[in-house]
Amino acid sequence: MADEKHDPGKPDGAEIDLHRRRLLLAGAAAGIAGTAGAAIGIHDGELGGPSQTIRGEMPWAPGSADSPPGAAGTGYRYFKPAEVAFIEAAVGRLIPDDSVGPGAVQAGVPFFLDRQLDGPYGRGDHFFLGGPWPKGTPQQGYQSRFNPAQLYRAAIEAIDKYVAANLKGASFARLQAEEQDKVLKGLESNEVVLEDGVDAKTFFDMLLQNTKEGYFSDPIYGGNKDIGAWKMIGFPGAHYDYLEWVERHGERVPYPPVGFKGRAGWREGGQ
Amino acid sequence: MSKTLKPVDVVMVGFGWTGAIMGQQLCDAGLEVLALERGPWRDTASDFATGFAQDELRYMWRHHLFQNLTYDTLTVRNKVGEEALPMRRLGSFLLGTGVGSGGVHWNGQIWRFLPTDFLTKSHNEKRYGKKSVTDYDLTVQDWGITYDELEPFYNQFDLLCGTSGKAGNLNGQIQPGGNPFEGPRSSEYPTPAMKQTYGPALFGQAAASLGRHPFPHPTGNLSRPYTNPLGAQLGACTYCGFCEKFGCGNYSKASPQTTVLPYLLRKPNFTLRTESEVLRIEVTPDKKRATGVTYVNSAGEEFFQPAEMIILSAYVLHNVRLLLLSGIGAPYDPSTGEGVVGKNYAYQTMSSVNVFFDDKIINPFIGAGALATVIDDFNGDNFDHGGLGFIGGAYIAGMVTGGRPIEMIYTPQGTPSWGLPWKHAAAKNYLRSFNFSIHGSSMSTRGNYLSLDPTYRDNHGRPMLRMTFDFSQNDLKMSDFLTDRAAEVARAMNPREIKVNRRSRPWSVVPYQTTHNTGGAIMGANPKDSVINKYLQVWDVPNVFSMGSGAFPQNAGYNPTATVAALAYHSAREILTRYLKQPGPLVQA
Numbered sequence: 001m002a003d004e005k006h007d008p009g010k011p012d013g014a015e016i017d018l019h020r021r022r023l024l025l026a027g028a029a030a031g032i033a034g035t036a037g038a039a040i041g042i043h044d045g046e047l048g049g050p051s052q053t054i055r056g057e058m059p060w061a062p063g064s065a066d067s068p069p070g071a072a073g074t075g076y077r078y079f080k081p082a083e084v085a086f087i088e089a090a091v092g093r094l095i096p097d098d099s100v101g102p103g104a105v106q107a108g109v110p111f112f113l114d115r116q117l118d119g120p121y122g123r124g125d126h127f128f129l130g131g132p133w134p135k136g137t138p139q140q141g142y143q144s145r146f147n148p149a150q151l152y153r154a155a156i157e158a159i160d161k162y163v164a165a166n167l168k169g170a171s172f173a174r175l176q177a178e179e180q181d182k183v184l185k186g187l188e189s190n191e192v193v194l195e196d197g198v199d200a201k202t203f204f205d206m207l208l209q210n211t212k213e214g215y216f217s218d219p220i221y222g223g224n225k226d227i228g229a230w231k232m233i234g235f236p237g238a239h240y241d242y243l244e245w246v247e248r249h250g251e252r253v254p255y256p257p258v259g260f261k262g263r264a265g266w267r268e269g270g271q
Numbered sequence: 272m273s274k275t276l277k278p279v280d281v282v283m284v285g286f287g288w289t290g291a292i293m294g295q296q297l298c299d300a301g302l303e304v305l306a307l308e309r310g311p312w313r314d315t316a317s318d319f320a321t322g323f324a325q326d327e328l329r330y331m332w333r334h335h336l337f338q339n340l341t342y343d344t345l346t347v348r349n350k351v352g353e354e355a356l357p358m359r360r361l362g363s364f365l366l367g368t369g370v371g372s373g374g375v376h377w378n379g380q381i382w383r384f385l386p387t388d389f390l391t392k393s394h395n396e397k398r399y400g401k402k403s404v405t406d407y408d409l410t411v412q413d414w415g416i417t418y419d420e421l422e423p424f425y426n427q428f429d430l431l432c433g434t435s436g437k438a439g440n441l442n443g444q445i446q447p448g449g450n451p452f453e454g455p456r457s458s459e460y461p462t463p464a465m466k467q468t469y470g471p472a473l474f475g476q477a478a479a480s481l482g483r484h485p486f487p488h489p490t491g492n493l494s495r496p497y498t499n500p501l502g503a504q505l506g507a508c509t510y511c512g513f514c515e516k517f518g519c520g521n522y523s524k525a526s527p528q529t530t531v532l533p534y535l536l537r538k539p540n541f542t543l544r545t546e547s548e549v550l551r552i553e554v555t556p557d558k559k560r561a562t563g564v565t566y567v568n569s570a571g572e573e574f575f576q577p578a579e580m581i582i583l584s585a586y587v588l589h590n591v592r593l594l595l596l597s598g599i600g601a602p603y604d605p606s607t608g609e610g611v612v613g614k615n616y617a618y619q620t621m622s623s624v625n626v627f628f629d630d631k632i633i634n635p636f637i638g639a640g641a642l643a644t645v646i647d648d649f650n651g652d653n654f655d656h657g658g659l660g661f662i663g664g665a666y667i668a669g670m671v672t673g674g675r676p677i678e679m680i681y682t683p684q685g686t687p688s689w690g691l692p693w694k695h696a697a698a699k700n701y702l703r704s705f706n707f708s709i710h711g712s713s714m715s716t717r718g719n720y721l722s723l724d725p726t727y728r729d730n731h732g733r734p735m736l737r738m739t740f741d742f743s744q745n746d747l748k749m750s751d752f753l754t755d756r757a758a759e760v761a762r763a764m765n766p767r768e769i770k771v772n773r774r775s776r777p778w779s780v781v782p783y784q785t786t787h788n789t790g791g792a793i794m795g796a797n798p799k800d801s802v803i804n805k806y807l808q809v810w811d812v813p814n815v816f817s818m819g820s821g822a823f824p825q826n827a828g829y830n831p832t833a834t835v836a837a838l839a840y841h842s843a844r845e846i847l848t849r850y851l852k853q854p855g856p857l858v859q860a
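So the protein lines, in turn, are chains A and B.
For what it's worth, my numbering labels the leading residue of the first sequence as 1, then goes sequentially.
For what it's worth, my numbering labels the leading residue of the second sequence as 272, then goes sequentially.
Treat the hints with care, as some may be off.
With a straight-line Cα cutoff of 20 Å, these simulated EDC-like cross-link-like pairs (lysine to aspartate or glutamate) come out [said to hold, decoys possible]: (1) K350(B) x D406(B); (2) K466(B) x E244(A); (3) K699(B) x D629(B); (4) K699(B) x D97(A); (5) K699(B) x E188(A); (6) K231(A) x D629(B); (7) K437(B) x E251(A); (8) K770(B) x D630(B); (9) K135(A) x E353(B); (10) K182(A) x D160(A); (11) K231(A) x D97(A); (12) K466(B) x E247(A); (13) K770(B) x D629(B); (14) K699(B) x D98(A); (15) K135(A) x E195(A); (16) K466(B) x D241(A); (17) K231(A) x E678(B); (18) K748(B) x D408(B); (19) K538(B) x E57(A); (20) K274(B) x E579(B); (21) K135(A) x D630(B); (22) K135(A) x D205(A); (23) K201(A) x D226(A); (24) K201(A) x E179(A); (25) K852(B) x E303(B); (26) K168(A) x E178(A); (27) K401(B) x D800(B); (28) K182(A) x D199(A); (29) K80(A) x D160(A); (30) K466(B) x E251(A); (31) K401(B) x D413(B); (32) K225(A) x E244(A); (33) K770(B) x E759(B).
By construction, these hints were calculated from the structure, which means they are not laboratory data.
Same shape as in the complex, but just chain B (with noise of 0.2 Å):
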């Protein structure tokens, strides 16, 4: 029997970057916020402190950081009629898990998404004709929302981070140094680009030498001291190369504990608990109304709490199977294409190249999680598609991110994994190699999607989430095209030797490839196709919020989380100048 609380305004599901977004707006409007957290409490001091923060074993090997699959986990398979099976290692992605979640150990890679990534399929029917977005069961959707409409939250949230970057777009006025391709900015990165080390320079003069426009990554590893709008100080990075699957010991990276947390966990009508996981959404017999959530503690205790709004603030996998869980949505099913909820699940096309000198000191393990050259040439439609057989695209990175020797030692083509001729070409290669990482979008096809698993449950007794997923036609082509354009950047440096790691089926959860797993509560202009309007408003139930990537109707060449943040602010916005007045439905289905 669960004890049921007194009524908030607003009870939160998972606490990482929208959780804290959305807390601190709410908060400020005055409104009661409950934030519900299934794993602990964490802060720099006490868990990821410089004394013990450069710790590959602990952190990335033994996941210290990331979520308990012993508890929970979900399963995967390649196709429909396959069995699915758990995952019962992490492996191809990296699931945050306590307060801040993956905003506490990702790379702080800050991107916005070109405007033509929210017209997916408007815009590449036009230029490149209907084919274009039904090739390969392809089932892309445009967004509902434009790079416009979104364009002065980015803004937001870059203030929020003090993003460290280089505007290559002002107002519609090209900027030398920056990202010719990137959407109009209103203004300039609140502080400038880092510095970068040896490899990414290199890559950068090759990339020139060839045409392409080079420019530098824009971080949320902070190049100098900031101070955001809500009086959060950041430090200037160290470039001490413990970053992704790290917490930063520095101050130096944006998460929700060096930009949200000091000042929303002193608003007296914020309230978050940790430890705390939500089981189910009530809803109404009627299924128009979310009474509240129902949660469980670490003791075992269960407790229904009543809240006005719910807003979903896990990661992606848990906000989709929470709807399924609690019959919120028709959910998807692939034999007919109807339903929604799971629909056009996706990820990322990730491929990458090693580059190999005698004659040049690298040093990999000066870097930061960002810390990269990048060209935009080749992502989105930054390019003429016309005969190429794809649509979408990726960015090239010479990326430095860090040297960890037990991950990142890149030996040469044919070395063997073990014995003297690769422990021979460790101690060679290590200071004179670097890798260029080429991060393709991943197109959303009827057959990838997110349901129920019929067999595996979890520690609650609740049916565990399963994937059906595996990389598509469409998104093996452009990987493939794109990586032979990051080879001739490569060659054109003159290294010794370069190794090319291309991207092919099927999907495999072993090899770490990242922790972007999009779509399955997707945002669209009307609830026939999608979960959630452009407010990230569920259709179905308006007093129910759909944060984080699950809106994305497809994955753009690009890291997330800025797009997350930005939907966030945007939905936020709407909330409070809107919905408060008169809850219900922000768009007229």
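Pulled out of the complex, with its shape left as it was, chain A reads as follows (with noise of 0.2 Å):
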């Protein structure tokens, strides 16, 4: 036996307290990353928690299950009053709303992207951070230094920095909706360069991305409120089973969309 503390009637595993999922690993994420100051908070597992030795049986631990974070709150804790404006205008023009959806602002999107940029993701949580940063090519994808809450912040800046220096003074939110819309294409294509080691087109990518996300994730997540974007698409969410359909080939399928929270139907006592 190579452990020779182990009790083989008592695994280690179970004496463990299993609030690995919410180790504050600080200092030493914040010194591999590269980025200094900033702090990872939560961790949501590997390479953090404390070693088990598990032999003997299945572990299980009361209080462990892996529960998703959800977003809590109302009003902004990232972004500032100029950013605020900047990610309403931008989310507005990704995803404008009509009569056939939400658009990305109804969805809440907005509000998404600030918990997101206030947690994990945006301090990086998952990127390799470290040096050194060359440009690199496209193939290589993200080679910034800045984690994402970082890139939001200079980004929004440079763009409006470049909106006043090439448009007259406006700040992109003040900006009609159709220039907009083309400052918005000159980021994707890079046509758009910005100041402050910003380069356009990623930080374009990742706001698309990160509006998507908000746009079609699970309402706990702060976005896709009322459910509004799945109900549009006709996506019934997070439904468990749907072994009866299988079989009923082109056959609408009728249950109105589910999140994790239920749907607001069954509050109202509704369908």
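Assembling the complex is the task here: the two chains are given apart, and the hints tell you how they should meet.
Listed below in structure tokens is the structure:
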């Protein structure tokens, strides 16, 4: 037996307080990431929980279920007022509102983005951010030293600077919709060149991806308000069992969309 | 200073599919086995229960079950001479971590390679001439093992998983409803094929109308409840559509957790230690024998774990890196073609076709990881390559694995990726479209290889792995030919329109393609051109065995897991029947 202290009747794993997913790793992780001051607070498991020695039975511990974090509270935590203006304007152009379905603003995407940037994702959880940082080829993907929260902050400032310098003093949020679209297309194609080391396309790609994430993810994360985006496309959400529908080819599945917290209709006694 | 622990018979590095299989086989023979896993413990009830498993944001886009690159990643470049830079964000492939690893979040696509896939060099040379295997700098090799040798072990994996499918070739007799091109199977699948949803059913009708041979994709998502030979019970899949990239909350997807661990963890001679990362394999000064491994736990404590045998059962990229870091085997040098470790890295050549209807509700959210109707008419050497200018092939699958809306909304050709036109296209097409996957082989070339990076280091200060890869002209020609065949099937469905997504150079680390990295620790018939013999035993250090797809000298047009598992079972049998009696080389060099 390798572990001399081990008692076969009592696996070590069962003795460990399994709050390993909530461990504070600030010091170590920030050092590795090479992002000074970017403390990583919540970590989702690998390399950081206490080492467990498991023998004799399947481990299980009360209170260890890894339920999702969700988004809490109201109002903005990460975005500053000028940033809120930019974000609401930009995501409103990426997914505009009309009778077909909600726009990104109506779906709560700005709130979703705020909570994402205020949390582990914003701090670069799961990103490698260590140096050196040459620009690389497009095929080499994300090569910024910024974590997502830092990139949003730097990019929004740089875009407003660009707008001020090239579009007569207005901030992005105060441009007409057509002009906003022109700037967004310029970011997307990298034709707009930003200052302060911000790669326009890198930011645009992240903003568009995160916007769609907020629009289509479970409402617990703060976007997809009233499950409006799922209703628009016909996705029934977190349904668990479609067995009886597998061979009913071409029929419309009648279930209204449901999220982790159920759906509004349940609370109202409706369908 | 590392603390020396009490010796064990076997130490395993990494605990996914191959770790679970080898652990079970070796523990049943009475060996004292210790598995070291650098990630955390994971199990269905706590980590991906049905109440929260179906979370696209968290699992797919926030990479909750995947390797955390903050601590360790690899560097990538397209060719020698380019500066390799770190993969800072997962994209092209999604590396696993933790107990079960990729076996937790795989699709459950269970394929056997074709008999000729094991003879890539000799078979193609014989049928199409010597140039067919050397054009475009190809460096393909034979595997040193045959399909017939592996068949019983493929079967063993099917029995473990309860694979759902329909045999197409039973002991040489072609069976209706199955894949007529497959190698002979010694028995029918343990459970019947899954029922097909609308998209795959339409694919099958269209393919048959063109004279192709459609059949249901073999799945590790089970069509009915099943109890495997270890007594583990799996449930019937509910087609929830959250399979690949997710853990199954329903015990319906074969994984180490659902098929092996409840049995193995109760063995008194098996120990699993999590959050314990192996830094290197220790070898004697003459490099003829490994003495054990040095590992570090999450508290930063370092240990030397002596062992009689070392099983590398981590993912291919980690196994290859550990060999390089430990100085085992000569590193491959693409400028001379000398050396073996890191040689013949290959991937998978993926393309797709999207099909859009006005009049058909596909309901893409009804799905499972391997749910598809497939044709294999143009895979491997199932068709005459004469005059085509390439070797290899692909299966074409009308596949509906789920309709997760951040990832899986298809919009017609020319649709912008944002704005009202995008939103309207998403609303119009989501229920009425689906995807064909063209799952192509990847032939090894002289310039595609794995090595240690000269600049970037992981959190332990070790050089990262460096991947040098681009698609070969052979594979792009193959992929174009196959994509055209898929488009024919798509048009035969009389859709409103189709969208053809071809594969092109250069390979990019950004868009997801597939987590089927292969090679770098390849198997073969002699130590001059391979790292391991047919029993996965390292030629140079015979008490080290290297599992996984690193063994593939090139990659076939199929998902690798069943072949990885069969090779592990085959290796285990030889260890138990021969190696333990007389430890030493199982094949004389």
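Evaluated hints:
no. : hint              : in the structure
1   : K350(B) x D406(B) : holds (18 Å)
2   : K466(B) x E244(A) : holds (11 Å)
3   : K699(B) x D629(B) : holds (9 Å)
4   : K699(B) x D97(A)  : holds (16 Å)
5   : K699(B) x E188(A) : violated (25 Å)
6   : K231(A) x D629(B) : holds (19 Å)
7   : K437(B) x E251(A) : violated (27 Å)
8   : K770(B) x D630(B) : holds (17 Å)
9   : K135(A) x E353(B) : holds (12 Å)
10  : K182(A) x D160(A) : holds (14 Å)
11  : K231(A) x D97(A)  : holds (14 Å)
12  : K466(B) x E247(A) : holds (7 Å)
13  : K770(B) x D629(B) : holds (15 Å)
14  : K699(B) x D98(A)  : holds (14 Å)
15  : K135(A) x E195(A) : holds (15 Å)
16  : K466(B) x D241(A) : holds (14 Å)
17  : K231(A) x E678(B) : holds (17 Å)
18  : K748(B) x D408(B) : holds (14 Å)
19  : K538(B) x E57(A)  : holds (8 Å)
20  : K274(B) x E579(B) : holds (18 Å)
21  : K135(A) x D630(B) : violated (47 Å)
22  : K135(A) x D205(A) : holds (16 Å)
23  : K201(A) x D226(A) : violated (31 Å)
24  : K201(A) x E179(A) : holds (18 Å)
25  : K852(B) x E303(B) : holds (16 Å)
26  : K168(A) x E178(A) : holds (15 Å)
27  : K401(B) x D800(B) : holds (18 Å)
28  : K182(A) x D199(A) : holds (17 Å)
29  : K80(A) x D160(A)  : holds (14 Å)
30  : K466(B) x E251(A) : holds (16 Å)
31  : K401(B) x D413(B) : holds (14 Å)
32  : K225(A) x E244(A) : violated (29 Å)
33  : K770(B) x E759(B) : holds (12 Å)
The structure shown violates the earlier hints numbered 5, 7, 21, 23 and 32.
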